[in-house]
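Enquirer: Take the sequence shown: its position 506, counted from the start at 1, is 506 in UniProt numbering, and no numbers get skipped.
If you are wondering where the hints come from, they were derived from the structure by calculation, not from laboratory data.
These numbers come from a predicted model, not from an experiment.
Note that the Cβ used here is the ideal one computed from N, Cα and C, for glycine as well.
Any given hint might turn out to be false.
Derived DSSO-like pairs (lysine-lysine); straight-line CA-CA distance at most 27 angstroms [claimed, not checked]: (1) K77 - K110; (2) K211 - K46; (3) K211 - K285; (4) K66 - K5; (5) K46 - K5; (6) K46 - K429; (7) K66 - K163; (8) K110 - K376; (9) K245 - K211; (10) K245 - K265; (11) K350 - K56; (12) K163 - K5; (13) K197 - K245; (14) K56 - K413; (15) K197 - K230; (16) K244 - K30; (17) K46 - K30; (18) K378 - K429; (19) K211 - K110; (20) K245 - K429; (21) K197 - K5; (22) K5 - K30; (23) K211 - K244; (24) K265 - K237; (25) K244 - K413; (26) K350 - K333; (27) K211 - K197; (28) K77 - K66; (29) K163 - K197; (30) K285 - K197.
Listed next, with one range per pair, are the computed distances between beta-carbon atoms [unchecked claim]: (31) E103 - S271: 22 to 32 angstroms; (32) E212 - V377: 25 to 35 angstroms; (33) S271 - H67: 30 to 40 angstroms; (34) V17 - A100: 21 to 31 angstroms; (35) S248 - K21: 41 to 51 angstroms; (36) Q199 - L7: 43 to 53 angstroms; (37) V17 - H216: 44 to 54 angstroms; (38) D224 - K265: 15 to 25 angstroms; (39) S248 - G105: 17 to 27 angstroms.
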Amino acid sequence: VAYPKLLESRGLSSEKVIHIKEGVILHLEKSFILSENLVLTDLSGKEPVVTQMNGKYMERNLYHDKHKMAAVEVKEKNGAVEVSGVISDTLRILPLHLMARAEDGSIAHKIFEVDAPAHRGHDYVETRNNQLEERFNGFYFRPPRQVPFPDPFLVETLVVADKFFYENFDNDTQLVTYLAITMAAANVRYSNAINPKVQLLIVNITKDPGKEFLRHILVPDQGDPNNPFKFYTSAEKTLPEFAKKYRSATCDAALLVTGLELASKNGADVSTDVKGLAYLYGLCKELSRFGVVEDVAHTFYMVSAAAHEMGHILGMPHDGEIPSYSVPGVTWKRCSATSGYLMAPSLGGKFEGFFSHCSLQHMKVFVRLQSEECYKVKSTHAVQAHGKLPGVGLNMTTLCKKLHPHVPEIIGKSRPQLSEVCKFLCYTKFKRHYRSSIERLVDGMSCGNGRREVCQPRGHLVSSLEMKASAVYRCLSDDFNVHHAIVIHDNTPVRCSSRLKRAAAVDRIHDQ
Numbered sequence: 001v002a003y004p005k006l007l008e009s010r011g012l013s014s015e016k017v018i019h020i021k022e023g024v025i026l027h028l029e030k031s032f033i034l035s036e037n038l039v040l041t042d043l044s045g046k047e048p049v050v051t052q053m054n055g056k057y058m059e060r061n062l063y064h065d066k067h068k069m070a071a072v073e074v075k076e077k078n079g080a081v082e083v084s085g086v087i088s089d090t091l092r093i094l095p096l097h098l099m100a101r102a103e104d105g106s107i108a109h110k111i112f113e114v115d116a117p118a119h120r121g122h123d124y125v126e127t128r129n130n131q132l133e134e135r136f137n138g139f140y141f142r143p144p145r146q147v148p149f150p151d152p153f154l155v156e157t158l159v160v161a162d163k164f165f166y167e168n169f170d171n172d173t174q175l176v177t178y179l180a181i182t183m184a185a186a187n188v189r190y191s192n193a194i195n196p197k198v199q200l201l202i203v204n205i206t207k208d209p210g211k212e213f214l215r216h217i218l219v220p221d222q223g224d225p226n227n228p229f230k231f232y233t234s235a236e237k238t239l240p241e242f243a244k245k246y247r248s249a250t251c252d253a254a255l256l257v258t259g260l261e262l263a264s265k266n267g268a269d270v271s272t273d274v275k276g277l278a279y280l281y282g283l284c285k286e287l288s289r290f291g292v293v294e295d296v297a298h299t300f301y302m303v304s305a306a307a308h309e310m311g312h313i314l315g316m317p318h319d320g321e322i323p324s325y326s327v328p329g330v331t332w333k334r335c336s337a338t339s340g341y342l343m344a345p346s347l348g349g350k351f352e353g354f355f356s357h358c359s360l361q362h363m364k365v366f367v368r369l370q371s372e373e374c375y376k377v378k379s380t381h382a383v384q385a386h387g388k389l390p391g392v393g394l395n396m397t398t399l400c401k402k403l404h405p406h407v408p409e410i411i412g413k414s415r416p417q418l419s420e421v422c423k424f425l426c427y428t429k430f431k432r433h434y435r436s437s438i439e440r441l442v443d444g445m446s447c448g449n450g451r452r453e454v455c456q457p458r459g460h461l462v463s464s465l466e467m468k469a470s471a472v473y474r475c476l477s478d479d480f481n482v483h484h485a486i487v488i489h490d491n492t493p494v495r496c497s498s499r500l501k502r503a504a505a506v507d508r509i510h511d512q
């Protein structure tokens, strides 16, 4: 048990110094891993639900220490500090909310080491024999062109969580925060890349049960007599199916996180040495920008595997090997496979938090060979899911239920005046009165007139038309004879008038 203390704080955007325990002090800088236009896509229900999230707000408490390879969420509470996340290659920290505080008010925390399986076995993609590498010789690797590359290069990343993973979280905020911490820790491992710098940027997090792409291995489990079968995710069979489903996604790279243990099968033999799998040189390529890793929720187990698999996608073979293509003027560096760096064939090396200088060279050359389209930051525009606008397939009532989960029998409705400003009404009947709120349409949703809209950025001011439409529905009652109702719109009382009741009646007749 540890009781972290904040030693120094210089404001929200500057350094924090936190004493974790004796000999462990973190010098923290602000982390950035989530797109400002982050989209959460929930495919776990009967209909997809797409939620726009403020990525900058979600990561407001996220920090990293690039020397310790740490990434943590830091919350200050009544003079004490609460820390969650990765504090070294192998150590993790979580608050113990049920344990009493120290005399000085410090919050108790659990520090634990990730289990041995996170650092066991041969690694991921076998670069000589595995067809999943998809080495793209010749055509894809021409001599460098005069296309200016951005610095930093933002790798827009889609993260897909399967049901075996996301069901371990109480709510979406918890899931997003956990993935942000984990991927921020992976991102720190890229901090030594230069010319260009390379940074991961999560643009979409998708909750997908995985029925279309998960492929499983079922084998007898001799170690558990109460559960005679063991259930695994087949890395080799799942990855290409995952790529097929998300081939049209708007991203540079996509990573599947499964809550089951990954395995490979050779005849009757099942191996769980594989901790992740990815296509080598897959960046920005429609069917090859994909990887899969396993994770145990709340343990930050997948940090090294995620950084490693993204490394393959970004053009890094294993240490001990060199890229399979040639570039004029470039002599490939080859590092030892046993030096223990992040791209070593096996996990658990003493330098696992760092890329070797050879891996950094391989990534640098590869990234500088990409197309102008790959360099574009697509998430500055409407973020798309599965090649379509995120609101496609999402109706207003479903979005209302998502936005107001505790309001019974809530319904979504379009109004011509609101459609013009990319908004709609959520309303429900309460004590004989209809209560409503004005909400924003998600890009791609139907406006109720047979068209689909791409709306302008958020921040549109409420217009008089919007206030009128809101007042109409707030004043609406079953018999249209309520004269005394008072409603609130933007903290302003609005009395129901005969004119508003007549307008409501006209709207209702027109809708029928």
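Enquirer: Take the hints in turn and mark each one as holding or not.
Expert: Hints, one by one, checked against the model:
no., hint, verdict
1, K77 - K110, "18 angstroms, holds"
2, K211 - K46, "13 angstroms, holds"
3, K211 - K285, "24 angstroms, holds"
4, K66 - K5, "20 angstroms, holds"
5, K46 - K5, "46 angstroms, violated"
6, K46 - K429, "25 angstroms, holds"
7, K66 - K163, "32 angstroms, violated"
8, K110 - K376, "42 angstroms, violated"
9, K245 - K211, "11 angstroms, holds"
10, K245 - K265, "23 angstroms, holds"
11, K350 - K56, "34 angstroms, violated"
12, K163 - K5, "36 angstroms, violated"
13, K197 - K245, "30 angstroms, violated"
14, K56 - K413, "31 angstroms, violated"
15, K197 - K230, "42 angstroms, violated"
16, K244 - K30, "36 angstroms, violated"
17, K46 - K30, "38 angstroms, violated"
18, K378 - K429, "41 angstroms, violated"
19, K211 - K110, "36 angstroms, violated"
20, K245 - K429, "41 angstroms, violated"
21, K197 - K5, "32 angstroms, violated"
22, K5 - K30, "18 angstroms, holds"
23, K211 - K244, "13 angstroms, holds"
24, K265 - K237, "10 angstroms, holds"
25, K244 - K413, "35 angstroms, violated"
26, K350 - K333, "21 angstroms, holds"
27, K211 - K197, "37 angstroms, violated"
28, K77 - K66, "25 angstroms, holds"
29, K163 - K197, "34 angstroms, violated"
30, K285 - K197, "21 angstroms, holds"
31, E103 - S271: 22 to 32 angstroms, "51 angstroms, violated"
32, E212 - V377: 25 to 35 angstroms, "29 angstroms, holds"
33, S271 - H67: 30 to 40 angstroms, "35 angstroms, holds"
34, V17 - A100: 21 to 31 angstroms, "25 angstroms, holds"
35, S248 - K21: 41 to 51 angstroms, "48 angstroms, holds"
36, Q199 - L7: 43 to 53 angstroms, "28 angstroms, violated"
37, V17 - H216: 44 to 54 angstroms, "46 angstroms, holds"
38, D224 - K265: 15 to 25 angstroms, "19 angstroms, holds"
39, S248 - G105: 17 to 27 angstroms, "52 angstroms, violated"
Going through the hint list in order, the structure does not satisfy hints 5, 7, 8, 11, 12, 13, 14, 15, 16, 17, 18, 19, 20, 21, 25, 27, 29, 31, 36 and 39.
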